[in-house]
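Turn these sequences into a full structure, and let the hints guide you.
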Amino acid sequence: MEKAPAVQTADLTKQYGRVRALDGLTMTVARGEVFGLLGPNGAGKTTVVKLLLGLARSSGGTGRVLGAPLGDRATRRRIGYLPELFRYQPWMRAREVLELHCELAQLPRSHRPQAIDSALELVGLADRADDIVNTFSKGMQQRLGLGVAMLGAPELVILDEPTSALDPVGRNDVRAIIRAARQRGTTVFLNSHLLTEVERVCDRVAIVDRGRVVEEGRLDDVLGDPGVRVQATGLGAAAYEQLERFGPIRRDGDWLSIQPFDPAGVPELVEAIIAAGGRIHEVDAGRRSLEERFLALLAQGAGERGPAA
Amino acid sequence: MITIAKVTVREAARRRILWVLLALTVVTVGLTSWGTGALAGLARSEGVTELEIRVAVSQILILAAFMFSFVLAMTAAFLGAPAIAADVESGIALALLARPIRRSEYVLGRWLGLVAVVAGYAAASGFLEIGAVGLLTGHIPPEPVLAVGFLVAQALVLLTLALLLGTRLPAIAAGAVCVVVFGLGWMAGVFGGVARVFGADALALASEVTRWLFPSDGLWRGVIYGLEPPLVTVIASGSEIGEANPFYALAPPPPTFVLWSVLWIAAALALAAWSLNRREI
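So the protein sequences, as listed, match chains A and B. Take the first sequence: its position 51, counted from the start at 1, is 51 in the numbering used here, and no numbers get skipped. Take the second sequence: its position 138, counted from the start at 1, is 1138 in the numbering used here, and no numbers get skipped.
If you are wondering where the hints come from, they were derived from the structure by calculation, not from laboratory data. Any given hint could be a false lead.
[Said to hold, decoys possible] Pair by pair, the computed Cβ-Cβ distance ranges are:
1. B:W1274 / A:E292: 44 to 52 Å
2. B:V1180 / A:P40: 39 to 47 Å
3. B:A1270 / A:R73: 17 to 25 Å
4. B:W1274 / A:Q300: 39 to 47 Å
5. A:A68 / B:A1267: 31 to 39 Å
All values derive from a computational prediction rather than experimental measurement. In this text, a Cβ means the ideal position worked out from N, Cα and C, and glycines have one as well.
Following this line, the structure appears as structure tokens:
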């Protein structure tokens, strides 16, 4: 029998007093994928995570995690979680924090030493295992949190802003850890507003704005076809007509954009512009970045809502 | 639940709370028992009878117990209030409660751990004081186990209230409310005694209601009763002034009150579990 999706929500809503944090959120996360939930501050990303883990209750809609209802206690054994607000008992040693979470996660006693050593090794804290958490920098505490989340190879790992306190080396390590988890078949639910992080590791993304999913799909699909932007002067109407053989052209001042456009055709395009009497100042070929797509979607959403009263 | 209880005890030990309290207690017991012994020796040299010395020692012990009950109340309030509140405020609870643990188990675990710390401390300090005074003066109160038992029970009432308040209020607010409630309960007991002497029925009734709503003062009377020699009870039983004295008890709290106190603690604990269960973390 096919396994249920790792996460599935339908019309999930959450009301905090008069504030609607989630407004009919619908999404599906397949098993074994790295899924990125993106959104601006206050979009409802952390609320989604809290509902998935049963730390908060939904006001409406339905959801299932690893095939069980939201917050199901037994299912939480199979989930690892790094909160956005990562704090661990400051008086404990790193190893003791992991021991505590092994007990709480009900890992078999015989597996615990191995699980703890692996987690410490994974997050680069093996040499600080016996140090008190209070002496750790924020980055090290976040690494410890990541180790806690990865304890015992859970089926689903939920990481809420996992690199917020890390330096570039740490961020690179986290990306490697996420990729390794995917290799093992672990589903990773990554909640982040750091778009470049998401772009580098996620298979699929959902963009959330004001508690709703405004776009969801494979990263390639969300980003759309590759295109090219050229800043060129000295082109007349006839020249633009000639250039349309490369694809549909959109003009914005001196800039012309063609999409879809295979980046391999850039030399040919440049030759054609020069042959038509144009002068080229800049060429930007490739796919739109996630940031561009993200900003475009948010701007589109703001436009549909109309100007603020 | 046991995991959380063990963590709570380790936390108290690791954060040196327990050791600081024990060190201060040893100093306090040393000074008070030495003072009581010196006073008893002085009285003997002045020809004061053993019966009078026994009465005086019992009164000093009651005063020392009152000081310990105050220290215990503060300890219970300021250990109980942040036990859950600080975990929620700091974010520690996010990682803990995302694990396959019921919130009621977490509350009960916190409570059990703190009970072990507070009850252990109350019993150790109570018996140490009684033992040291007994050693230096030759006088042991009639019901030391009863007295220490009620001292522990009083601390547990405060501890449970602090834990309950900490499921909703910030740690400092919960601790402060607890201390105020403890003070009000004691004052209500004093007012009630005075009201009974002067026949102010409404005030006496208000005091009685307060005593049942928050049973710490009623339990404190049990501590006093356990420390009083029977002679004091006999002498003061006919005295109206004795009724109004907050350091005097004619009788121990009745079994119904003790049972009510146990139920009160159980209900407050259940309410704490329910409250945290309803709370969004």
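Here's how the hints hold up against the structure:
Take B:W1274 and A:E292: their Cβ atoms lie about 49 Å apart, and the range 44 to 52 Å holds. Distance hint for B:V1180 and A:P40: a CB-CB separation of about 44 Å, consistent with the stated range 39 to 47 Å. Separated by about 19 Å at the C-beta atoms, B:A1270 and A:R73 satisfy the suggested range of 17 to 25 Å. A hinted range of 39 to 47 Å holds for the C-beta pair B:W1274 and A:Q300, which are about 45 Å apart.
Between A:A68 and B:A1267, the C-beta spacing of about 33 Å keeps the proposed range 31 to 39 Å intact.
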